[in-house]
Amino acid sequence: MTNKLEGLEPKKVFHYFEAISQIPRRSGHEKQLSDYMVGFAKERGLEVHQDEYLNVIIKKPGTAGYEDAPITIIQGHLDMVCEQNEGTDHDFEKDPIDLVIEGAWLTANGTTLGADNGIAIAYAMALLDAEDIPHPPLEVVMTTDEEVGLTGALKMDKSLLKGSYFINLDSEEEGELTVGCAGGLKATLRLPISHTVKVFDEAKVQVIEIKNLKGGHSGVDIDKNRANADHLMGRILSHLRKGCSFRIVDFVGGSKDNVIPREAKAIIVYESVDHSSFENLYEEVKAQIKKENRTVEPALTIDIKSMEYNKSLKVFSRKTTDQLIYTLINIPKGIQTMSADLEGMVESSLNLGKCAVEGDTVVMLFAIRSNIRSLKYHMTTQLEWFAKQIGATLTPTADYPEWEFKPDSRLLDKAALVYEDMFNKKPLVKAIHAGLEPGAFLEKLPHLDAISFGPDMEEVHSPNERLHIESTMRTWEFLKALLKALK
Numbered sequence: 000m001t002n003k004l005e006g007l008e009p010k011k012v013f014h015y016f017e018a019i020s021q022i023p024r025r026s027g028h029e030k031q032l033s034d035y036m037v038g039f040a041k042e043r044g045l046e047v048h049q050d051e052y053l054n055v056i057i058k059k060p061g062t063a064g065y066e067d068a069p070i071t072i073i074q075g076h077l078d079m080v081c082e083q084n085e086g087t088d089h090d091f092e093k094d095p096i097d098l099v100i101e102g103a104w105l106t107a108n109g110t111t112l113g114a115d116n117g118i119a120i121a122y123a124m125a126l127l128d129a130e131d132i133p134h135p136p137l138e139v140v141m142t143t144d145e146e147v148g149l150t151g152a153l154k155m156d157k158s159l160l161k162g163s164y165f166i167n168l169d170s171e172e173e174g175e176l177t178v179g180c181a182g183g184l185k186a187t188l189r190l191p192i193s194h195t196v197k198v199f200d201e202a203k204v205q206v207i208e209i210k211n212l213k214g215g216h217s218g219v220d221i222d223k224n225r226a227n228a229d230h231l232m233g234r235i236l237s238h239l240r241k242g243c244s245f246r247i248v249d250f251v252g253g254s255k256d257n258v259i260p261r262e263a264k265a266i267i268v269y270e271s272v273d274h275s276s277f278e279n280l281y282e283e284v285k286a287q288i289k290k291e292n293r294t295v296e297p298a299l300t301i302d303i304k305s306m307e308y309n310k311s312l313k314v315f316s317r318k319t320t321d322q323l324i325y326t327l328i329n330i331p332k333g334i335q336t337m338s339a340d341l342e343g344m345v346e347s348s349l350n351l352g353k354c355a356v357e358g359d360t361v362v363m364l365f366a367i368r369s370n371i372r373s374l375k376y377h378m379t380t381q382l383e384w385f386a387k388q389i390g391a392t393l394t395p396t397a398d399y400p401e402w403e404f405k406p407d408s409r410l411l412d413k414a415a416l417v418y419e420d421m422f423n424k425k426p427l428v429k430a431i432h433a434g435l436e437p438g439a440f441l442e443k444l445p446h447l448d449a450i451s452f453g454p455d456m457e458e459v460h461s462p463n464e465r466l467h468i469e470s471t472m473r474t475w476e477f478l479k480a481l482l483k484a485l486k
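Residue numbering for the sequence shown follows numbering that gives the first Met the number 0, beginning at 0 and increasing consecutively.
Worth flagging that the hints you see were computed from the coordinates, not collected in a lab. Please read these numbers as outputs of a predicted model, since none were measured by experiment. Check before you lean on any hint, since a few could be wrong.
[Stated by the list, open to error] The calculated lysine-lysine pairs, modelled on DSS-like cross-linking and capped at a C-alpha distance of 25 Å, are: (1) 41 <-> 185; (2) 443 <-> 58; (3) 486 <-> 58; (4) 185 <-> 93; (5) 264 <-> 161.
[To be verified] Simulated restraints on C-beta separations: (6) 1 <-> 376: 32 to 40 Å; (7) 293 <-> 128: 52 to 60 Å; (8) 390 <-> 271: 26 to 34 Å; (9) 249 <-> 300: 15 to 23 Å; (10) 102 <-> 412: 20 to 28 Å; (11) 469 <-> 390: 52 to 60 Å; (12) 388 <-> 300: 48 to 56 Å; (13) 390 <-> 51: 27 to 35 Å; (14) 82 <-> 2: 35 to 43 Å; (15) 297 <-> 390: 33 to 41 Å; (16) 310 <-> 339: 52 to 60 Å.
Glycine included, C-beta positions come from ideal geometry on N, C-alpha and C.
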């Protein structure tokens, strides 16, 4: 093993981070690291369990004076997102991460760093290896496939866990204590297309494209007022409908349910006599949209180009054309409710992440999120009723649990006091509008008292991912002090 991080503090934390950085751990390929953790535990005489999903649980007794303290669960995930820059020669199936120190930050050479969530594993290993850190009995839980749907956490047998407190180390901003997260599901709307041929004798075909929106995560970025390319295209088509009897030929916008669409393209055909009206309406709505989004989306482009008209061109019927436009401009979208408990926190939201023609069907993918379970299912019901009104179907899948905020959390109170004593300021208490693994555990173990925190990280899931070195040290000291206080 290389020793690039030998001089960094905390010494053991960075030692173990460098050790696991030598082991490939793409989601779905965590066996090598999972087996390594089993061996690590056995070498230290610790109780260890590994399940069929390669989740690992390591149990360590409390230190002197803490033998009867409430058991504390320390949790992180083994897998990492594997992304690399174009031209970077790296094989995530076999190559170690090439670690690089850049000033105050630790990063990688052209690839994701894996601090999400390797730093949690390194913290846990340092705790398990230490003989001089006071702590209650520990259950260290290392899960698999977090980055592709919390799979390991959802499938783990929770009856093996006896803990009362739950500390998740998968947060990315120092000084924040996360106390809740959104649950969610994916909903697929399918609208049958009624096609027809040869609508017009003389016609024009136009391709309208929206590009260069910011996009972003449909949970954590939903409150940033970013434009959704699919809904903007619906706005354009709706405006054109005022004076131009066109039909849709094709439509595609967005890529995934959980990403705010950055681009959309619609192909439409209309009778040549409507061309003057079309041009005026197009320029009018384009100017309106550009003006409305000039601050948040300064790079937005809306372009149009002509295609040759073929009289055998298959187009949407008028009814299907109107059904799609109606859906794009009227279906619930964006923030639905804000939290009454945590100021500025999004409580529930809907995101249309993809809309595309697939054969004789328009397929729309939605991400439904809420920190309250009943609201998640209420929004699903809303979409189901909407689908019925337009002759479509809605199929919910990939349901994952939320982590509801508990205002009477003893663990939160302890953590906030310890933090304020150490740093002379109050931590920011927040919930996030995205999925975190505590929800998967609380669903089966509702008695758990849970928080999440971590050191400063930036641009995770990208080759620019980086971990702040001094923040890693401060977070380690805070973790140790909190465990000492849980007597």
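Structure-based check of all given hints:
With a CA separation close to 40 Å, the supplied pair residue 41 and residue 185 exceeds the 25 Å bound. A threshold of 25 Å between alpha carbons decides the hint, and for residue 443 with residue 58 the separation of about 20 Å falls inside it, so the pair holds. Under the criterion of a C-alpha separation no larger than 25 Å, the hint pairing residue 486 with residue 58 is consistent with the structure, at around 17 Å. Our distance criterion of 25 Å between C-alpha atoms is broken by residue 185 and residue 93, whose separation comes to about 33 Å.
Of the supplied pair hints, the one linking residue 264 and residue 161 is violated, its CA atoms being roughly 53 Å apart against a limit of 25 Å. A hinted range of 32 to 40 Å for the beta carbons of residue 1 and residue 376 is inconsistent with their spacing of about 50 Å. As the Cβ distance of residue 293 to residue 128 is approximately 55 Å, the hint placing it in 52 to 60 Å holds. The given range of 26 to 34 Å is respected by residue 390 and residue 271, whose C-beta atoms sit roughly 31 Å from each other.
Look at residue 249 against residue 300: about 20 Å separates their beta carbons, and that is inside 15 to 23 Å. A hinted range of 20 to 28 Å is violated for the C-beta pair residue 102 and residue 412, which are about 37 Å apart. Between residue 469 and residue 390, the C-beta spacing of about 59 Å keeps the proposed range 52 to 60 Å intact. Between residue 388 and residue 300 the CB atoms are about 34 Å apart, so this pair departs from the stated range of 48 to 56 Å.
Hint check: residue 390 to residue 51, Cβ distance near 44 Å, so the stated range 27 to 35 Å is violated. At roughly 26 Å, the beta carbons of residue 82 and residue 2 sit outside the given window of 35 to 43 Å. Hint check: residue 297 to residue 390, Cβ distance near 39 Å, so the stated range 33 to 41 Å holds. Against the hinted window of 52 to 60 Å, the Cβ-Cβ separation of residue 310 and residue 339 comes to about 59 Å, which satisfies the hint.
Of the hints listed earlier, those the structure fails to meet are numbers 1, 4, 5, 6, 10, 12, 13 and 14, in rising order.
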